[in-house]
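2 protein chains.
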Amino acid sequence: MTERSVGYVETKHHHLKELFRLVNGDELAGVSIAYETYGKLNSDKSNVILICHALTGDAHAAGWHEGDKKPGWWDIVIGPGKAFDTNKYFVICSNVLGGCKGTTGPASTNPQSGLPYGLSFPRITIEDMVNLQYKLLKNLGISSLYAIAGGSMGGMQVLQWTVSYPDFMKKAIVLASTAISSPQQIAFNEVARQAIIRDPYWNDGDYYGGELPKQGLSLARMIGHITYLSDDSMHDKFGRDTRENEMFQVESYLHHQGDTFTSRFDPNSYLYLTGAVDNFDLSNGFSLAKSFSNIESEFMIISVSSDWLYPSYQSEEIVQALGSNDINVQYRKLISHFGHDAFLLEKGQLNYLLSTFLGHLTVGDVMSEDVSTLREGCTLEEAAQLMILNNATHIPILAASGRITGIVTSWDITRAVANKISSIEKILSRDILTSHPDESLSNAALIMEDNAISALPVVDDRGCLVGILSSDTISAMVGRGAK
Amino acid sequence: MTERSVGYVETKHHHLKELFRLVNGDELAGVSIAYETYGKLNSDKSNVILICHALTGDAHAAGWHEGDKKPGWWDIVIGPGKAFDTNKYFVICSNVLGGCKGTTGPASTNPQSGLPYGLSFPRITIEDMVNLQYKLLKNLGISSLYAIAGGSMGGMQVLQWTVSYPDFMKKAIVLASTAISSPQQIAFNEVARQAIIRDPYWNDGDYYGGELPKQGLSLARMIGHITYLSDDSMHDKFGRDTRENEMFQVESYLHHQGDTFTSRFDPNSYLYLTGAVDNFDLSNGFSLAKSFSNIESEFMIISVSSDWLYPSYQSEEIVQALGSNDINVQYRKLISHFGHDAFLLEKGQLNYLLSTFLGHLTVGDVMSEDVSTLREGCTLEEAAQLMILNNATHIPILAASGRITGIVTSWDITRAVANKISSIEKILSRDILTSHPDESLSNAALIMEDNAISALPVVDDRGCLVGILSSDTISAMVGRGAK
Numbered sequence: 012m013t014e015r016s017v018g019y020v021e022t023k024h025h026h027l028k029e030l031f032r033l034v035n036g037d038e039l040a041g042v043s044i045a046y047e048t049y050g051k052l053n054s055d056k057s058n059v060i061l062i063c064h065a066l067t068g069d070a071h072a073a074g075w076h077e078g079d080k081k082p083g084w085w086d087i088v089i090g091p092g093k094a095f096d097t098n099k100y101f102v103i104c105s106n107v108l109g110g111c112k113g114t115t116g117p118a119s120t121n122p123q124s125g126l127p128y129g130l131s132f133p134r135i136t137i138e139d140m141v142n143l144q145y146k147l148l149k150n151l152g153i154s155s156l157y158a159i160a161g162g163s164m165g166g167m168q169v170l171q172w173t174v175s176y177p178d179f180m181k182k183a184i185v186l187a188s189t190a191i192s193s194p195q196q197i198a199f200n201e202v203a204r205q206a207i208i209r210d211p212y213w214n215d216g217d218y219y220g221g222e223l224p225k226q227g228l229s230l231a232r233m234i235g236h237i238t239y240l241s242d243d244s245m246h247d248k249f250g251r252d253t254r255e256n257e258m259f260q261v262e263s264y265l266h267h268q269g270d271t272f273t274s275r276f277d278p279n280s281y282l283y284l285t286g287a288v289d290n291f292d293l294s295n296g297f298s299l300a301k302s303f304s305n306i307e308s309e310f311m312i313i314s315v316s317s318d319w320l321y322p323s324y325q326s327e328e329i330v331q332a333l334g335s336n337d338i339n340v341q342y343r344k345l346i347s348h349f350g351h352d353a354f355l356l357e358k359g360q361l362n363y364l365l366s367t368f369l370g371h372l373t374v375g376d377v378m379s380e381d382v383s384t385l386r387e388g389c390t391l392e393e394a395a396q397l398m399i400l401n402n403a404t405h406i407p408i409l410a411a412s413g414r415i416t417g418i419v420t421s422w423d424i425t426r427a428v429a430n431k432i433s434s435i436e437k438i439l440s441r442d443i444l445t446s447h448p449d450e451s452l453s454n455a456a457l458i459m460e461d462n463a464i465s466a467l468p469v470v471d472d473r474g475c476l477v478g479i480l481s482s483d484t485i486s487a488m489v490g491r492g493a494k
Numbered sequence: 012m013t014e015r016s017v018g019y020v021e022t023k024h025h026h027l028k029e030l031f032r033l034v035n036g037d038e039l040a041g042v043s044i045a046y047e048t049y050g051k052l053n054s055d056k057s058n059v060i061l062i063c064h065a066l067t068g069d070a071h072a073a074g075w076h077e078g079d080k081k082p083g084w085w086d087i088v089i090g091p092g093k094a095f096d097t098n099k100y101f102v103i104c105s106n107v108l109g110g111c112k113g114t115t116g117p118a119s120t121n122p123q124s125g126l127p128y129g130l131s132f133p134r135i136t137i138e139d140m141v142n143l144q145y146k147l148l149k150n151l152g153i154s155s156l157y158a159i160a161g162g163s164m165g166g167m168q169v170l171q172w173t174v175s176y177p178d179f180m181k182k183a184i185v186l187a188s189t190a191i192s193s194p195q196q197i198a199f200n201e202v203a204r205q206a207i208i209r210d211p212y213w214n215d216g217d218y219y220g221g222e223l224p225k226q227g228l229s230l231a232r233m234i235g236h237i238t239y240l241s242d243d244s245m246h247d248k249f250g251r252d253t254r255e256n257e258m259f260q261v262e263s264y265l266h267h268q269g270d271t272f273t274s275r276f277d278p279n280s281y282l283y284l285t286g287a288v289d290n291f292d293l294s295n296g297f298s299l300a301k302s303f304s305n306i307e308s309e310f311m312i313i314s315v316s317s318d319w320l321y322p323s324y325q326s327e328e329i330v331q332a333l334g335s336n337d338i339n340v341q342y343r344k345l346i347s348h349f350g351h352d353a354f355l356l357e358k359g360q361l362n363y364l365l366s367t368f369l370g371h372l373t374v375g376d377v378m379s380e381d382v383s384t385l386r387e388g389c390t391l392e393e394a395a396q397l398m399i400l401n402n403a404t405h406i407p408i409l410a411a412s413g414r415i416t417g418i419v420t421s422w423d424i425t426r427a428v429a430n431k432i433s434s435i436e437k438i439l440s441r442d443i444l445t446s447h448p449d450e451s452l453s454n455a456a457l458i459m460e461d462n463a464i465s466a467l468p469v470v471d472d473r474g475c476l477v478g479i480l481s482s483d484t485i486s487a488m489v490g491r492g493a494k
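Residue numbers (the working numbering), protein chains in the order written: chain W, 12 to 494; chain E, 12 to 494.
Chain W on its own, in the form it takes in the complex (with noise of 0.2 angstroms):
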């Protein structure tokens, strides 16, 4: 456990005395919901952020419990420090409807008939997963979000969220997911089901008590892990190397995976959970901008670049379908070779990203004010001797009005001296980008990324001069987020 962790927590167990009413009419009694918290609740219950979960994850996103190896799913964004500051956020992340991790689903007891549901547990949608998370919340006296954050499966409650509840959160975060299940998707979800199915221990789902469909569960599981990886990764992680039985390790791999899946996972959930997953289409089939209408959140975007089972694609629809209502979108684009998985694994570009998105960082929060500058006339022996002095690689110049009217940096210095020029004046860069205290630090980091520029001078309305913003320090940030 290392200093920036939640430290041990433990999972809560809330009641529902009320029937929950599904979208469909059927209704559930004495449903159960798994959720831990993280961080302290403030006053005006102002510093909530609920996390979903994807496809076998669980309430247990971060921290860890008695016994753990690893810890909750979630861990690198989650704690004091991280992107998830526990220092700053309440954080609550519950199991979904329909799961097997401590909320009722088809593994749970029928209170009717006093048997594990199987398949008389009712289809469930991701519509009902957020009523159910909806209900927790208030009954825990929450009624406002600061933040929901969700990748893959979890992605779409986030959306579902912000269309059912529109005036719930202030900002949504979704992660390599869709708005839409494309049929590729369907398909892999599809013949996961069939092993399942087809597993003879399965047994119309009344397995309980009995042999489980170990079998059909972990071929399930290996299909999904195929997906979950990219091309790129595989050949990365495994090559073509073999095992001493002769086996390919990315076989050995899949063997593991899918057997260590079935002794946490329960097949029925994985049937349903694919279920609702398949059946989600916010677009209702017509228009995603439209149901994105009454959206009210801001929200950021983010796919991966390998990953080809969420493809890029999909993300930039949701980014398209609530540009087009005004809504607040950023989207980015994890540079990533893992593949699907990226979303768990990119600690610090995730950390980066979320941060300056939760917090909404700008320019004038991070820049350094103390910047050496020099007045127009200067000499190239001061410019130089400045830099050397200060430790400043830029160095704006000035006009007399304190504008900006050009930079030198010891590139130029270099230059000059290379080619025995002696005015600073004919190695002056002009072509300046700046940029201003109130722009969000993560398009100040994009437009230098971009000009493959180190440091961008910072001015005010009138032009002049108030700070500078350096790649340094940007990178310290990321430093301090990743580590």
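Hints in this document: simulated from the structure, not taken from any laboratory.
Among the hints, a few may not be true.
Since the list gives no way to pick out one identical chain from another, each pair is judged satisfied if it fits inside one copy or across any two copies.
What the hints assert, rightly or not - Simulated crosslink set (BS3-like; lysine-lysine; CA at most 30 angstroms straight-line):
1. K248 <-> K344
2. K301 <-> K248
3. K181 <-> K149
On the provided structure of chain W, position chain E as indicated by the hints.
Relative to the frame of chain W, chain E by itself:
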């Protein structure tokens, strides 16, 4: 049946008298090979083309068997006037070793026991398949090939042929294939195999005469089918449409494909053949370029833009390794959204590419020699009149020497009129691209495509005009190929 079909055909069977020795030293007795031939062997036996089939293909590549509802698997390119023109070529296709369509495989009777081999069938490789094809050809009195072609696993056989028997063929065509199976390809094959192996009826491969492991085999095929299509083509083909039974169309399609497959394929064959595919690594874990160093044939490598199972980078690796050995190689990418299956479907593009490569058509073969030209100094009216008279959209302008100095098009005339320009000199395109009669037709076509021009003057070594190549001519050829 169309005019351009090879008509009714029958599968023939060749029985090896000698023992067949595998690369691993094992020997098989009483090996039988199923094959078909189309067209006529010429007197010097120089017109033979061998076609190699993919994973679940067979010897029936073209024409019709009595009762067939559709023709052989590559009928779109084999037949009179098609790319593998049976008026010119003698085409052979045989079922692979380890298959289940007439060639000895795990479902065949082991002559020693009188029982089906099942898992006692030896492990085979792509090299073994090729060695058996070689035996067949030798026994048919054929000691060289004009060309060899195959897609997917068929492409692997083509590559192995050119390495194992480098002086046996003139031309080799590899479609949608790889020289080295990737971990992702192995992964998909492994889950397909596990689907079969985990079917209780599989019974360690000893199911002959009893219940077949149909559920597992069908599931394996469903997995395969997802990988043969592209995300894009699935959107087009199925979208999120549902059927009466509430299944998504894509689910019904996969179920149908899986079910029909079980009546035509042996589960153990699926295990053996995918094993051979997985173990295929022509680089021997070292260098593909080195493995290709003895190759003598000329190559055409074709990938598919939307094929994610055998992505284009795998074809490009082959092109690179061939090129580094100074082997004549042409690389083309089919622009198709059909995914891997495109090599079985893209009739027009395939007929054009394959026939161009096989015929090695040059610009001189197809250019029009009957070109309307004008002398330098002619008037705008003369040019326009000649165009109308001869229905020509491009008129080369020649110097007295016969050298081409410019070209005038109907577009130029239009431009002159629009701008009230009366002199032809002012509108003439002088910066013209030309071709040479010996240039390959496909190269010239690419130049026209890249430069968005519809006609290319053809000049001899002295720069004198000898003909004109127009996109209409090429288009008509593709049309003929594609019809």
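| request: Up to 30 angstroms between alpha-carbons, please classify K248 paired with K344: within, between, both or neither. | output: Result: close both inside a copy and across copies, 22 angstroms intra and 29 angstroms inter.
Report task. Evaluate K301 and K248 at a C-alpha cut-off of 30 angstroms and name the case that applies: within, between, both or neither. Result -> Result: close only across copies, 25 angstroms inter versus 43 angstroms intra.
How do K181 and K149 come out at 30 angstroms by Cα distance, when the copy is not named: within, between, both, or neither? within (17 angstroms within a copy, 76 angstroms between copies)
When each numbered hint is compared with the structure, no violation occurs for any of them.
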